[in-house]
Structure formats: structure tokens, C-alpha cells
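J.: Quick note, the sequences are listed as chains A and B, same order.
Read in this note's numbering, the first sequence has 213 at position 213, and its numbers run on one by one without any break.
Read in this note's numbering, the second sequence has 238 at position 238, and its numbers run on one by one without any break.
Don't read these hints as lab results, they were simulated from the structure.
Mixed in with the good hints there might be a few duds.
[To be verified] To be clear about the criterion: a stretch of chain A counts as covered by chain B if any three or more of its residues have a C-beta under 8 Å from a C-beta of chain B, and this derived list gives those stretches:
no., segment
1, 167 to 177
2, 182 to 192
[Stated by the list, open to error] Okay, the calculated beta carbon distance ranges per label pair:
no., chain 1, residue 1, chain 2, residue 2, range
3, A, Leu278, B, Ala142, 29 to 37 Å
4, A, Pro188, B, Gly175, 26 to 34 Å
5, B, Gly175, A, Gly164, 31 to 39 Å
6, B, Ala142, A, Thr61, 43 to 51 Å
7, A, Gly155, B, Lys118, 21 to 29 Å
8, B, Tyr131, A, Trp158, 50 to 58 Å
9, A, Pro95, B, Lys118, 50 to 58 Å
10, B, Gly29, A, Ala81, 51 to 59 Å
11, A, Leu96, B, Pro79, 46 to 54 Å
12, B, Arg139, A, Ile91, 31 to 39 Å
13, B, Asp16, A, Ala151, 55 to 63 Å
14, B, Lys118, A, Pro281, 41 to 49 Å
15, A, Thr61, B, Val78, 24 to 32 Å
Don't be surprised by glycine CBs; every beta carbon is placed ideally from N, CA and C.
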Amino acid sequence: MGIPVEQILIQTINGVVTGMILALVASGLTLIFGIMDVVNFAHGELFMLGAYIGVVILAATGDFWIALIAATLVVALLGAAIYLTTLRPLIGRDPLYTILATFGVSLVLQNYALWQFGPVARKIAEPFTGQFTLFYLDYPWYRIVIALLSAAIIGGLWLFLKFGTWGIWIRATTQDRVMAQAMGIPVPWVLMGVFAIGSGMAAASGVLFGPLVGVNHVMGLDWVLKAFIVVVVGGMGNLAGSIAAAIFISLLEAYASLWVSPAQAVIVSFVLLILTLLFRPTGLFVPTPK
Amino acid sequence: MSSAYAAGQPLVRVEDIHTYYGKSHILHGVSLEIGTGEVVGLLGRNGVGKSTTLKAIMGLVRPSRGEVRFEGQAITGVPAHRLARLGIGYVPEDRRVFRLLSVSENLRTGLDRQGVSKVRKTELLDKVYEYFPVLAERRHQAGGTLSGGEQQMLAIARAMMLEPKIVLLDEPTEGLMPRMVGEIRRIIDMLHRDNVAVLLVEQNVPLTLEAGQRVYFIEKGVVRHHALTSELRVNDAVIHQYLGV
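All chains should be modelled from the sequences, with the hints used to inform the complete structure.
T.: In C-alpha cells form, the structure reads like this:
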């Protein structure tokens, strides 16, 4: 075989960068699933919409960071609105209802984006254009920045969940919704808050990832599919598991593309998904259930 | 809101509530009253609706008919989280501590609410830790790793964080070692001394008679009888009649 060490290192960095972005998408998804039992099929469209809002605000202000923050907040509010209008009436029913409802929302958002922005991909300019030399490559700094920012956002979420009052409310609600209510935790608001946070995280990853690919109305599909794989492999609703799985899968794909084309490397994810479902359906990165 | 609540009125008044679980009619008109600081027992065989009565007061089961009043105010249909903030503490049958939250986080679920000063929070925590030293020892341990008795203490301590005016205590001695029964008795007495009312559902009749002032007997979803525990201690015919013991 004889793969040069440089290539392996480059693919390691690529894998970690993609893995962090994927972890950001997936942690919103797994948070929403873990606490609300809602499989959010509209997650990819919230990612896409975040990227578009980023495009619009970047065009208006010229500042990438304002665009990032504004897109996150706008989509978080949209998430809250989606929760109130679409999901709240369905909470506690068969999961099929919320799957259909969020699928409907995804179609609406996708077609809204197509109608509003047209089929031609838009571009978000990178906030950093600098590069550094990585062996024989000029590696863009921006990719490293994405990985660090994603890690920072996920870290912030973790601190919030670990120490904040709302974090404790969220974790208590995840474990026992009825008892959380009996302890005075405003469960309906907690659920809305979680959906808003998850939506905002999807939007943030959309804006961050926008410069690497074009922004178009179907950009959410690929990501949400991968995020779903990550959430299943990581253990449904398990935040740490999702992060580990995101990096693991991205690294596997990055290494696989040393031998095959990146399009074929995606197969690795699906194989891993199938193996997980067959042999460890509770997730690879969770302790063995007793 | 307590302006409309005249002294001498019961703290909680349950009036003729009916509940359904699916199609089965569980409560067929339960009525009872609990005074401020009063410890009241609710006795009856299994499956007669004792737990459902507690859930109906807590707002976890919505009665299809009848009314629950708290401090004179109608609370039927008010969501449970508001009732908890009004001062109703709930300690369910299976304890239901948050298993993955640490002991101190379990307590914070009831403590972190608006209008509680930092000083007051510390006071409440100190009081509970002083009363349940084992919880202080294990404050960083996950709730699920505690023993049954410790989980029961945590469930009660957690409800106390709400500074409740009444605690709904559902079978606190169930599944505990006999020596823990005395501990539960001690806790109920402490709540009583603090002028916290207790509605106690128990299978342990002697405990209920010792700890409570009055007892309601419930049978097939209806309150059949009620009596002072001082009377029942001398004449237990009623107990035989409703519980068959």
C-alpha cells in the first residue's frame, strides 16, 4: 500500500475538522431527541436556513461574525416558533406524529428557500483567507477556526448543561418529565428552550460551514443524514456519545478516502450504522446497558 | 392570593373528584380536607385510588369532575409545575430521584427558583444536610447510586427544597428495611413541627396511626370513612373493616 505519513496526517486533520462541524449539527439533534423524544427531520433545513440568513446578513453588514450570531438567534427564535405551533400540540403522542410534522416543516423550509433564493448556490466569503503550509499543501486557517469554534460552542453547551439552572432543568426533564414538573420545573418552557437551542446550533454550523461549500436549498440533506447516523451510532440522546461518534465517523471516512474516492468513502458511515444497529443498537459510545 | 384564604379554612380541600384512566373510572368522588400543618393518613387496599388522589392534588392527573382547592383557591387544571411553586411537595411511590443527577443537583431542581435569595438557599441546604447527614456525605454522588433508603431521604429532601406547605407522601416505607421505618416517622414528625402538612399514603398502619392526627379510609375510589387516629388507636374495628388486617 505505502500511504505516506503526510497524507495520513492531513486526513486526520480533515477528519477532525469535519467531525467537529458534524458534532455541532448532531449535538443539536441529539439534544432535541434526548429531551423531547422528537426525531427532528427539519434539522438539516434549519442548518440550511442558518446558512442563507448568514448570506443575507453578511451581504448587509459585511461582517461574518455578526452574520453568525444573527443567524443563530433568528433560527433559534424560528425553532421556538416551530415548537409552539407544530410540536407542542403533538408532544406525548406516538413519535410518528412528530416525525411527520417535522418532515412537513422540512419540506416547507426547503421550498421556501428555493422560492426565496433560487436554485443557484450562494457563497459565504471566509472570514480568514490565510493559509499555512502543511507538508505539500496550503491548508486554510479557516478550517482550523471552524473546528475550534465548533468545539467552543459544544463546550459552552456542556458547561451550560452541567452547571446552569436551565441545564439542570433540562437534564432533570430528560430523565423524568413528570417528576420534573412536580419539582416546579416549567417543562413546556424547557422543551421550547431546548428546541430553540438545537435549532440555533444547526444554524451556527450552517454559517460556519457555508464558506467551504456552496449554500443552496438542499445543503441540509447530506448533513442531516450524516448527523442521524452519528446520533444512532453515538447512542440516541447521548451528547458525549454523539460528539465521539461524529469525530470517529469523520476520521474513518477521511482515512477511507486515502484509498477510494470521497463519494465512496461515505459507504463507511453506512456500514458502521448497520453494524451498530445489528450488534449494539443502544449506541457504540455508551456504557453497556445493565 | 392568600388574601381570599381565611384562617380556619383547610389548606387543601378535595371536593368530589372523579378521574379516569383511559376508560376505567378510578376515583368515584373523593372528598377530603387537610388543615395547615396537619398530618393526615390515607388508608386503603391496593389499587383503590390512593396514589391517584395524590396525583390529582399535584395536578399530574386531571379530574374530569370535582375540584381541588389550595389555600381557598381552585387549582384544578393548574399545571403541576405551578402547584409545586405554590407550595405542594410531592414524594412519589417509587421515589423517582433523578438518577443521573448528583444529590446536590437533585436538590437544586427544587431550590433554583425565582424569589429565593442566596442566603435562603444556603439555609435550606444546610438544614437538609444537617438533617440528612448521609446526603451531605454523598452530595456529589449520582442519585441512582444511592441505596433505597437514601433515595427516599433524597426524594423527601428534594420536596422540602420547595418550602412546601404540604407534602404528599406516597408509601415512603415501601421496600425499605424495617429500621428505616423509624427514620420516616422522625421525618414526618419534623415536617409536622415545621408546620408543614402531610398527606400520607401508607400500607404500614401502625406508622400512620402514630404519625398522623386523622385518617381517611378509601375504598374503590370513594372515601368511606374518616376518623381521628386517637380513636383508632383504641378501637381498630374500622381498620379491620376497610383493610382486612
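J.: The structure should be examined with respect to each hint, and the outcome stated for every one.
T.: The hints, checked one at a time:
| no. | hint | result |
| --- | --- | --- |
| 1 | 167 to 177 | holds (count 6) |
| 2 | 182 to 192 | holds (count 7) |
| 3 | Leu278/A to Ala142/B: 29 to 37 Å | holds, 31 Å |
| 4 | Pro188/A to Gly175/B: 26 to 34 Å | holds, 33 Å |
| 5 | Gly175/B to Gly164/A: 31 to 39 Å | holds, 34 Å |
| 6 | Ala142/B to Thr61/A: 43 to 51 Å | holds, 46 Å |
| 7 | Gly155/A to Lys118/B: 21 to 29 Å | holds, 27 Å |
| 8 | Tyr131/B to Trp158/A: 50 to 58 Å | violated, 33 Å |
| 9 | Pro95/A to Lys118/B: 50 to 58 Å | violated, 41 Å |
| 10 | Gly29/B to Ala81/A: 51 to 59 Å | violated, 43 Å |
| 11 | Leu96/A to Pro79/B: 46 to 54 Å | violated, 26 Å |
| 12 | Arg139/B to Ile91/A: 31 to 39 Å | holds, 33 Å |
| 13 | Asp16/B to Ala151/A: 55 to 63 Å | holds, 59 Å |
| 14 | Lys118/B to Pro281/A: 41 to 49 Å | holds, 46 Å |
| 15 | Thr61/A to Val78/B: 24 to 32 Å | violated, 46 Å |
Violated hints, listed in ascending order, are 8, 9, 10, 11 and 15; each of the other numbered hints is respected by the structure.
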